[in-house]
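> Sequence:
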Amino acid sequence: MAPMILVATTVAHLVGASVGREGTAVQMSVPLADQLSRLGRWNPHSRRILLTSALSAGFASVFGTPIAGMLFGLEVRRVGRANYDALLPCLISSLVGNEVALALGAKHATYDIGYVPPIDLWSVLSATLAGVAFGVAAMTFVRSMRWCAKSMSDLVPVQVFRPVIGGVVVVLLGSLLGTDRFFGLGLPMITEAFTKPVAIGDFALKGLMTVISLATGFRGGEVTPLFVTGATLGNAMGIWLALPRGLLASMGFVGVFAGASNAPIASFIAGIELFGSGPLVYLAIACVVSYYCSGNVGMYTAQAVGEHKVPVTLPFAVKSPKRGP
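Okay, so the sequence shown: first residue is 1 according to the working numbering, each after it adds one.
Think of the hints as simulated: they come from the structure by calculation, not from any bench.
Quick reminder that beta carbons are idealized off the backbone N, C-alpha and C, glycines included.
Among the clues, some could well be false.
Ranges of calculated distance between the beta carbons of each label pair, as one might list FRET restraints [what the hints assert, rightly or not]:
1. T191 x L155: 34 to 40 Å
2. V11 x T191: 24 to 30 Å
3. I119 x W240: 15 to 21 Å
4. P197 x V156: 37 to 43 Å
5. I200 x V15: 24 to 30 Å
Between the sequences and the hints, there should be enough to build the whole structure, so can you do that?
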């Protein structure tokens, strides 16, 4: 399975699909760990810890964020309930995975967010409003992707035809827009978001390209395109909020991912590992507010709801049922 995933992701990037790369690392590491578990007599609990550790290693090795990788593996299985029994294995696998990637020549991106203003009432209010926007963007992305995937499944029963249709739609959109900036990973767009104003609609167009690419069957992952979407959304909000664009871009970078993945702590720590401790408070506000504003449904279909995000029962609240122990 792992070689097929690698080939499918390579093809997706060659044709310009708006997909990431972390999905490949995770989807390869977990099946490899699963094969390893078959070599011995692993009980279900130990096997789960092994697979969770592989998930952490895959995430850490792609982004160069070992602590965030550890927390991602712990958080992502169930909303609101981390699996701390895998804490040490996830830490070790994340550190080793990152070091192996570096030893093999992997280069991780670094970002300069510029000036970080001191914390005051207005800056906290601006950060909170930005967090709400990031959460709404994350929820819109997740629901759009699920709706598009279901629609494609209903309209095109033969799975092999779906990427063909998706590829044609993406190419046509690129032709209509007269640019290829929304194809592929979109890393240049992240760099632009930290250095200069970007077009207000860039985040929506990148999100749309990603939804179409993933929903029609292209392989790769959602995380890097979500980073791009969040960074460009944050940059665009610099028009209305009293915070520097570079800071808002860093908040959106991790904030949208926090809402879409339901992994706010991992997203927050990833922000510190990528941007330093200067924007710590702003990153925390963005991730936490986005997490609470994005709903219980995340971009990972296998993710169960361990605890609902709203801690109190409201008479008008409609909650999705819990899944999993």
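> Evaluate each hint against the coordinates.
Each hint, compared with the structure:
1. T191 x L155: 34 to 40 Å: With Cβ atoms ~37 Å apart, the hint holds.
2. V11 x T191: 24 to 30 Å: 26 Å, holds
3. I119 x W240: 15 to 21 Å: 20 Å, holds
4. P197 x V156: 37 to 43 Å: 39 Å, holds
5. I200 x V15: 24 to 30 Å: 28 Å, holds
The structure agrees with every numbered hint stated previously.
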